[in-house]
Amino acid sequence: MIVRKLGAFAGVLALLAVAACGNSSEDGGGDSSGSAEEFYEGNTVRLIVASAPGGGFDTYARMIAKHIREHIPGQPNVIVENMPGAGHMVAMNYVYNQAPKDGTVIGNATGGLAIQQLFGSERVQFDMTKYNYLGQPDPPGNTVLVARTDAAAKSFQELLTPGGPELVVGVQSPGSMQTDPAVLMKEVLGANIRIVPGYDGSSAIQLAIESGEIDGFVTSWHTELATTRDKFESGEWTTLVQSDREPDPTIEEIIPDVPTVYEFTQDKVQEDLMFFGTGTPRGLTRIYFLPPDVPEERVAAMQQAFDDTMQDPDFLAESEQASLLIDPLTGAQVKEGFDDLFSMPTDVSDQLKTLIGGES
Amino acid sequence: MLQSLLDGLVATLGWPAFGFLLVGMAVGFTVGILPGLGGAVTLALMLPFTFDMEPTHAFAFLLGMLSVTATTGDMTSILFGIPGESTSAALVLDGHALSKQGQAGRALGAALFASLLGAVIGAVALVAAIPVVRPLVLSFGSPEFFALIILGLTFIATLGRGKMLRSLAAAAFGLLLSTVGLDPQSGIPRFTFGSLQLWDGVGLVAVAIGLFGLPEVIDLARRRGGIASQATDKVSGVKEGILDVIRHRWLLIRASLIGVFVGVLPGLGGSVAQWVAYGHAAQTSKDPSRFGKGAIEGVIAPATVNNSKEGGGLVPTVAFGIPGSLTMAILLGAFLIQGIQPGAEMLTTHLDLTMSFVWMIVIANVIAVPVALAAVKPIAKITTVRSGLILPPLLLLIFIGAYSERTSMSSVFVMLAFGLLGLAMVKLDWPRAPLVLGLVLGGLAENYLFLSVSRYDMSWLTHPLVLVIIAVSVLSATVPPLRGLWHRRRSARRPVAAAVSSGKEHV
Numbered sequence: 001m002i003v004r005k006l007g008a009f010a011g012v013l014a015l016l017a018v019a020a021c022g023n024s025s026e027d028g029g030g031d032s033s034g035s036a037e038e039f040y041e042g043n044t045v046r047l048i049v050a051s052a053p054g055g056g057f058d059t060y061a062r063m064i065a066k067h068i069r070e071h072i073p074g075q076p077n078v079i080v081e082n083m084p085g086a087g088h089m090v091a092m093n094y095v096y097n098q099a100p101k102d103g104t105v106i107g108n109a110t111g112g113l114a115i116q117q118l119f120g121s122e123r124v125q126f127d128m129t130k131y132n133y134l135g136q137p138d139p140p141g142n143t144v145l146v147a148r149t150d151a152a153a154k155s156f157q158e159l160l161t162p163g164g165p166e167l168v169v170g171v172q173s174p175g176s177m178q179t180d181p182a183v184l185m186k187e188v189l190g191a192n193i194r195i196v197p198g199y200d201g202s203s204a205i206q207l208a209i210e211s212g213e214i215d216g217f218v219t220s221w222h223t224e225l226a227t228t229r230d231k232f233e234s235g236e237w238t239t240l241v242q243s244d245r246e247p248d249p250t251i252e253e254i255i256p257d258v259p260t261v262y263e264f265t266q267d268k269v270q271e272d273l274m275f276f277g278t279g280t281p282r283g284l285t286r287i288y289f290l291p292p293d294v295p296e297e298r299v300a301a302m303q304q305a306f307d308d309t310m311q312d313p314d315f316l317a318e319s320e321q322a323s324l325l326i327d328p329l330t331g332a333q334v335k336e337g338f339d340d341l342f343s344m345p346t347d348v349s350d351q352l353k354t355l356i357g358g359e360s
Numbered sequence: 001m002l003q004s005l006l007d008g009l010v011a012t013l014g015w016p017a018f019g020f021l022l023v024g025m026a027v028g029f030t031v032g033i034l035p036g037l038g039g040a041v042t043l044a045l046m047l048p049f050t051f052d053m054e055p056t057h058a059f060a061f062l063l064g065m066l067s068v069t070a071t072t073g074d075m076t077s078i079l080f081g082i083p084g085e086s087t088s089a090a091l092v093l094d095g096h097a098l099s100k101q102g103q104a105g106r107a108l109g110a111a112l113f114a115s116l117l118g119a120v121i122g123a124v125a126l127v128a129a130i131p132v133v134r135p136l137v138l139s140f141g142s143p144e145f146f147a148l149i150i151l152g153l154t155f156i157a158t159l160g161r162g163k164m165l166r167s168l169a170a171a172a173f174g175l176l177l178s179t180v181g182l183d184p185q186s187g188i189p190r191f192t193f194g195s196l197q198l199w200d201g202v203g204l205v206a207v208a209i210g211l212f213g214l215p216e217v218i219d220l221a222r223r224r225g226g227i228a229s230q231a232t233d234k235v236s237g238v239k240e241g242i243l244d245v246i247r248h249r250w251l252l253i254r255a256s257l258i259g260v261f262v263g264v265l266p267g268l269g270g271s272v273a274q275w276v277a278y279g280h281a282a283q284t285s286k287d288p289s290r291f292g293k294g295a296i297e298g299v300i301a302p303a304t305v306n307n308s309k310e311g312g313g314l315v316p317t318v319a320f321g322i323p324g325s326l327t328m329a330i331l332l333g334a335f336l337i338q339g340i341q342p343g344a345e346m347l348t349t350h351l352d353l354t355m356s357f358v359w360m361i362v363i364a365n366v367i368a369v370p371v372a373l374a375a376v377k378p379i380a381k382i383t384t385v386r387s388g389l390i391l392p393p394l395l396l397l398i399f400i401g402a403y404s405e406r407t408s409m410s411s412v413f414v415m416l417a418f419g420l421l422g423l424a425m426v427k428l429d430w431p432r433a434p435l436v437l438g439l440v441l442g443g444l445a446e447n448y449l450f451l452s453v454s455r456y457d458m459s460w461l462t463h464p465l466v467l468v469i470i471a472v473s474v475l476s477a478t479v480p481p482l483r484g485l486w487h488r489r490r491s492a493r494r495p496v497a498a499a500v501s502s503g504k505e506h507v
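So the sequences go chain by chain: S and Y.
Number 257 in this note's numbering belongs to position 257 of the first sequence; there are no gaps in the numbering.
Number 448 in this note's numbering belongs to position 448 of the second sequence; there are no gaps in the numbering.
A portion of the hints provided could be inaccurate.
Derived DEER-like restraints, expressed as beta-carbon distance ranges [said to hold, decoys possible]: (1) S:230 <-> Y:374: 42 to 50 Å; (2) Y:26 <-> S:230: 33 to 41 Å; (3) Y:6 <-> S:157: 48 to 56 Å; (4) S:312 <-> Y:339: 50 to 58 Å; (5) S:269 <-> Y:54: 55 to 63 Å; (6) Y:293 <-> S:233: 54 to 62 Å; (7) Y:339 <-> S:77: 23 to 31 Å; (8) Y:348 <-> S:212: 18 to 26 Å; (9) S:354 <-> Y:459: 27 to 35 Å.
No lab work stands behind these hints: they were computed from the structure.
All values derive from a computational prediction rather than experimental measurement.
C-beta atoms are modelled at their ideal positions from N, C-alpha and C, and glycine is treated no differently.
All chains should be built: construct the whole structure from the sequences, respecting the hints.
Below is the structure:
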């Protein structure tokens, strides 16, 4: 009796084991035989998100994961995996070096790490020019400095006034898109900013703002629109400065007259530093990509699937409901953005490296 | 508030929300039994199914699943000594010790009943605390969290009682282990020896399964009988376990409150709560030396916390949009996708929705626990099955558990390495719990210390709440050993009386 029960128990376990392994057994590498449809049918695609669950990255990724399935030939199962760490460096390295190169892994991270590669950081174990880019769902992120409205500093101008108030800014680890702009505002523009590094994700930073531990943080405006729009509408938080060359109309809608960083630059060098350090080439902050060396047919199928998802009416409707801004870039446009970045004049990149690229 | 409470209940019991709750529970039950596959992973996997559901249905499904995962994970820990999830590891210590003594029924009964009451008391405390949650949460910044972690570390003194140096050494090793990986402030790899796999640090599940699970399996292979080395005492079954919980009702209430407190504070996380409760149980016990050898309090406290913390974790998630744990972070994603904007309104105008979430957790437990209790008798018999039959599925559980933490073979190697270490520690009589505690708390301690110093320089040391918590830590570290010393002195003086009183404690 007991033996029979145990047998059944073991049987169930065996089944579950098979199921568990089935999810990740496609480590075979770039086997390119058969059509993309044959390959993907019944297969599982893992979407690796480089940040923790719950943030803007995760929200977008889960929305895309839900809809992209129908647009991939063979309609594979698509699951989201979070792989946070070191300002997205962990996931970026993983997708480049360890993920199977057969088209079953999509990466999602910030393209802001390209600058670390430009600086020749030892930690970078990838080459941004070699990923197969699928695109980006939202426009190049407009980097903004967000502060509590009851912080001592009421405007960016005040931060530049000698003897004026100090703004305590919480950031994650160095090298992330939330850190470098704060450093550049401090070092290039001379803003009176105290940088506190080491917060574990945007949730932790937001809690620290709520409790008064810090005054503000640097973020992408679109992320905030998706997650904390009400804080700005209620006047609890404000935006002190933005990195777009032209003021962003979606900011203007909520907070009038937010200056751009270029209103505070003194010369061309400073302008270049702010542009390459915080501006559009670094605004590729939510890129989706496949590892290098994936069979071409599958890359093409995935790029098509990504573009189709971005046009999918259901996807657009649900994204709107979840306050996710969709205004996509294609894979080719993302690639172009990185080509721009890697064509940065050497004197600018040398200066940038001294400011934000120092291996501490 | 009362109206919202009722509205929430009606929404939860309505059809088909209730049906979704049941489906969620069935999924949670299955997954909870598998080690490694925890509540967070299950939630993440099931999330896409909820995109098309209405909010109440979606959350009935997700919360039903989550509540049951926590409970069934405890069962794996007790029966096999293999932590069902990272949040059930503390139950291995005494829960499995009881199984080996043929008291699996009692341990399971106590754990399940404590889970149920923990969930209920946690929910009640939570509802009562809603008005003060906001100021409470906001009064904890990085320095206060650091002080709390220090308080948690003082439990090391109790966990390895009588072997103070060894447990300090084990805890220090655990702290050292927590530094493996990319350092959170500057992103530089530490102790990774060129291996990318170690960039994320050493996985808690792999370590716990290795340290506790593997030695159990090897020990079982060397013996002839089943897991229970002593014959099952038919009388002291489930009922005895339930009575144990009632007997230790104050511990139950304190553990529930610890769960709510740790759950409400974002930034400590689920793995911390059960160790704090376990340490607390050992510390307040008159005879802490029984802990690790089958003390029923060591089962009750962590089992209670596991379920009371879920309700606590919900509040900052809905009220601030700030998740306190990985599972809550995934739930937050579900909120946003469902178009529910977390914020202060969730505690005012949308209070009924928040209340329905609390109800779902309570109702899921109220249904799941009796079902599980009814099944305890046959399940507990597994511990009498001879080792030859039970070993293969156990080995499978261990390997799947380690692998599924990061879906990577590297976790299996980590598990095996810690299995060897665990064996050596058992053989040489070193306490293993302080090592895990060090690993759980180490990363948090480092990060909050760094944040405190870079924000406040040294002035954080004068924050009133920091001073209070540090003072409590000092008392917590010094009073129990002194009390023990005093007891020993007294018993040395009056041997007869002491023998009688210590005999009572063992009942």
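So, going through the hints one by one against the coordinates:
A hinted range of 42 to 50 Å holds for the C-beta pair residue 230 of chain S and residue 374 of chain Y, which are about 47 Å apart. Separated by about 37 Å at the C-beta atoms, residue 26 of chain Y and residue 230 of chain S satisfy the suggested range of 33 to 41 Å. Checking the proposed 48 to 56 Å range against residue 6 of chain Y and residue 157 of chain S shows it holds: the Cβ atoms sit about 53 Å from each other. Between residue 312 of chain S and residue 339 of chain Y the C-beta distance comes to about 18 Å, which lies outside the given range of 50 to 58 Å.
Separation of residue 269 of chain S from residue 54 of chain Y is about 56 Å and conforms to the stated range, judged on CB atoms against 55 to 63 Å. Between residue 293 of chain Y and residue 233 of chain S, the C-beta spacing of about 58 Å keeps the proposed range 54 to 62 Å intact. Here the CB-CB span from residue 339 of chain Y to residue 77 of chain S is close to 26 Å, well matched to the stated 23 to 31 Å. Our hint of 18 to 26 Å for residue 348 of chain Y and residue 212 of chain S holds, since their Cβ atoms are close to 22 Å apart.
Distance hint for residue 354 of chain S and residue 459 of chain Y: a CB-CB separation of about 31 Å, consistent with the stated range 27 to 35 Å.
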